[in-house]
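*Asks:* Residues per chain are reported as follows:
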Amino acid sequence: MYELIDVIISGVTNGSVYAMMAVGLSLVYGVTKVFNFAYGSLYTLGGYLAFTFFGCGFGYPLVILLTLVSLYLAGLLIERVIIRPLRRREDWEMLAMMVTLGLAIFLDNLYQVVYGPYVKSLPIMFSGNLQLAGFMLSIQDLVIFGIAVLVMGGFMIFLNTHRLGMAIEAVAQDMTGAQIVGIPKDRVFGFTFAISTVLAGFGGILLAPKYFITPFGGWDILVKAWVITALGGMGSVRGSLYAAFLLGIIEALIGWQFGLTWILFAWFAVLLGTLIVRPQGLFGTWG
Amino acid sequence: MSLKCSHISKQFGRLKAVDTLNFEVQTGEIFGIAGPNGAGKTTLFNMITGMYTYSGSIAFDGRELNGLPAYRICRAGIARTFQIPQLFASLSVSDNIRAGAHFGSRRNKPEAETIEEIIDFVGLGEHRDHKAAHLKLLDKKLAMIGAALATHPRLLLLDEPIAGLNPSEITQSLELFYRINQELGITILIIEHFMKVLTELSQQLLILENGKKVCLGPPHEVTRDQRVIECYLGEDHD
Chain Y
8 MYELIDVIIS GVTNGSVYAM MAVGLSLVYG VTKVFNFAYG SLYTLGGYLA FTFFGCGFGY
68 PLVILLTLVS LYLAGLLIER VIIRPLRRRE DWEMLAMMVT LGLAIFLDNL YQVVYGPYVK
128 SLPIMFSGNL QLAGFMLSIQ DLVIFGIAVL VMGGFMIFLN THRLGMAIEA VAQDMTGAQI
188 VGIPKDRVFG FTFAISTVLA GFGGILLAPK YFITPFGGWD ILVKAWVITA LGGMGSVRGS
248 LYAAFLLGII EALIGWQFGL TWILFAWFAV LLGTLIVRPQ GLFGTWG
Chain C
80 MSLKCSHISK QFGRLKAVDT LNFEVQTGEI FGIAGPNGAG KTTLFNMITG MYTYSGSIAF
140 DGRELNGLPA YRICRAGIAR TFQIPQLFAS LSVSDNIRAG AHFGSRRNKP EAETIEEIID
200 FVGLGEHRDH KAAHLKLLDK KLAMIGAALA THPRLLLLDE PIAGLNPSEI TQSLELFYRI
260 NQELGITILI IEHFMKVLTE LSQQLLILEN GKKVCLGPPH EVTRDQRVIE CYLGEDHD
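For the record, the sequence lines run as chains Y and C. For the first sequence, the positions run 8 to 294 when this note's numbering is used. For the second sequence, the positions run 80 to 317 when this note's numbering is used.
Just chain Y, with the same shape it has in the complex (with noise of 0.2 angstroms):
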C-alpha cells in the first residue's frame, strides 16, 4: 500500500511537470491553431540552457533566473523571424507547423554539434527525503510540484486578471473580431510563443536533474504533452491540467507494474483511446 502511493505520489509530481509544459503547448495551438513541431526541442533548450549557466559557477536561483529570460526571448525571436513572416501567406498555418518541425531537428542537431552526444544532467535542487505521515517523500520531489503549481497558478492568475490575459482569450475566440476591437494580434502572438516556450524549457530544468538532458530528448516529452493536449482537449488549458494529472499517474503506475519500456506505450494507448472514444479530448469543442 504505502508503494503504491508512493508511486501515486510521484505521478503526481511528473504529473504537474507535465501539466506545466502541456499548458504552454495548448496555449499556442489555442491562440494561432498551430502545433509546435519544436515544443520538445524548447524543452531541452531549457535543460541545455541551464547546464550552460552552471558551467559559469552560477547558483540555482541566478541559473533559472537567467534561463527563464533566455528562453523568453528565444520565444520571441523564434515567432518574430520564423514564425511571424509566413501569416501574410494564406495557409501560413500549415506552413508554420512545418517550419516548426525544421526547427526542431535543427535544434536537435545543434544540441548534438554543441554538447555532444552524451547525457548531462543539473544538479539536485535539494536533497534527502521527508517523513510525512509514514511516507518517505523526497524533497526535491516536493519542490518541483511546488514550483509547478505555483508557475501553474501564477499563470491562471494572470490570464484570468491581466490585460494581456484578456487580450490572449479574445484573440483565442475570435481573431478577426479581436482585431477589430483594437487588439494588436502580433504582439499577442509573440508573448504567446514566448511564455510558451518559457514553459516548455521550464519543465527541461526542473526534470533534468531526475531524467538528463539528451539532444533528442525533447521527442519522448513532445509526444507526452502532444497526449496530454489530445485528451485534455486541443487548445483547453483547464483540460490539459486534468489530463496531465493523470497521466502523470498512470505513466507511474505502468511504470512500476511493467517496467519503463512500457511507458511511452501506455501513453500512445491513451492517445489512440481518446481519438477513438472522444476525439474532441475532455473539455475540447468541435469547430
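Hints should not be assumed to be uniformly reliable.
To be verified - Per label pair, the in silico range of CB-to-CB distance: (1) Ser169/C / Phe133/Y: 38 to 44 angstroms; (2) Asn167/Y / Asn245/C: 36 to 42 angstroms; (3) Asp193/Y / Pro115/C: 32 to 38 angstroms; (4) Arg95/Y / Pro115/C: 27 to 33 angstroms; (5) Leu80/Y / Gly243/C: 47 to 53 angstroms; (6) Pro246/C / Gly172/Y: 40 to 46 angstroms; (7) Leu80/Y / Gly204/C: 45 to 51 angstroms; (8) Asp193/Y / Gly313/C: 43 to 49 angstroms; (9) Arg194/Y / Thr132/C: 16 to 22 angstroms.
Keep in mind that the hints were calculated from the coordinates and are not lab data. This structure is a prediction, so every number in the text was calculated from the model and none was measured. Ideal placement from N, C-alpha and C gives every residue a C-beta, glycine not left out.
Start from chain Y and add chain C according to the hints.
*Replies:* Chain C only, in chain Y's frame:
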C-alpha cells in the same frame, strides 16, 4: 472630409476584387454601398479596416491608413461590424463591450461608464450578463455594434447589418443606425442589399460591380441610373 479612397485596388490571383476605386465620404453622413454578389463590397471594408493589403491610398481625416495594422486603424477611430456576428462567444455581452473599450478606445473615460452607456444605447440591458453564444441573432448584432461603439469610433462600417432579421427587427436596427449617426455624430458606411433601406438611410450611394464603381451620387439619382438598373436593380424594381 472623413474618408478618402484614391485609386485603391485589390487583386486575388488574376481576379481584381476592387479595381482602381475612388470615392470620398463626408464627415457625419451615412454612405451606402450596394452591388451584386462578388462586387467587392466586403473586400473594400477589409481594405479600409486593414484586414487586407492593397494598392492606392485610403486616408481618414487626412491620415494615411495604407500599411497600418487592423488594431491601429481601430484606434485611429474606425470600427466595423460583420454580416455574420464576430463576438467572443464565451464572454458576456458586457465583457464583449468591455473588450472594445479596453483595447480599442483611446479616451480616458472610465471603462465601466462607457460599458453602461453603450449597453443602454443599444438596448441590451436585460442581456448584459448573458453569454454572447446564447443570444439570438438580433442581440448578437447589437452586441457587436456595442463592442464597435465602445472603441469610440468616428467612422462605423456596417456590413449587411440587417441580413437575416425580421421586419420589426429591421425597423429597430434602422432606428439604432439613425441614432448612432445623429446622436453620437458617427459617420456610417453601410453595405446592404435592400435598396429601399439604403435609399431611405443614406445621403450618398455607391454601386459597385466587379470591383469597379458603376455609379455614385444621391440615392434618388443612382436608382434611376440606367447602368445601375442593368447591372443590379433590374427593369422591374420599385
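*Asks:* Each hint should be assessed against the structure and marked as holding or not.
*Replies:* Status of each hint after checking the structure:
1. Ser169/C / Phe133/Y: 38 to 44 angstroms: At roughly 41 angstroms between Cβ atoms, Phe133/Y and Ser169/C fall inside 38 to 44 angstroms, so the hint holds.
2. Asn167/Y / Asn245/C: 36 to 42 angstroms: Hint holds: Cβ distance 39 angstroms, inside 36 to 42 angstroms.
3. Asp193/Y / Pro115/C: 32 to 38 angstroms: Roughly 35 angstroms apart at Cβ, these two residues keep to the hinted range, so it holds.
4. Arg95/Y / Pro115/C: 27 to 33 angstroms: About 30 angstroms separates the Cβ atoms of Arg95/Y and Pro115/C, which means 27 to 33 angstroms holds.
5. Leu80/Y / Gly243/C: 47 to 53 angstroms: holds (48 angstroms)
6. Pro246/C / Gly172/Y: 40 to 46 angstroms: Since the Cβ atoms of Pro246/C and Gly172/Y sit about 42 angstroms apart, the hinted range of 40 to 46 angstroms holds.
7. Leu80/Y / Gly204/C: 45 to 51 angstroms: Given a distance of about 47 angstroms, which is inside 45 to 51 angstroms, the answer is holds.
8. Asp193/Y / Gly313/C: 43 to 49 angstroms: Check passed, 45 angstroms falls within 43 to 49 angstroms.
9. Arg194/Y / Thr132/C: 16 to 22 angstroms: holds (19 angstroms)
In this structure, none of the earlier numbered hints is contradicted; all agree with it.
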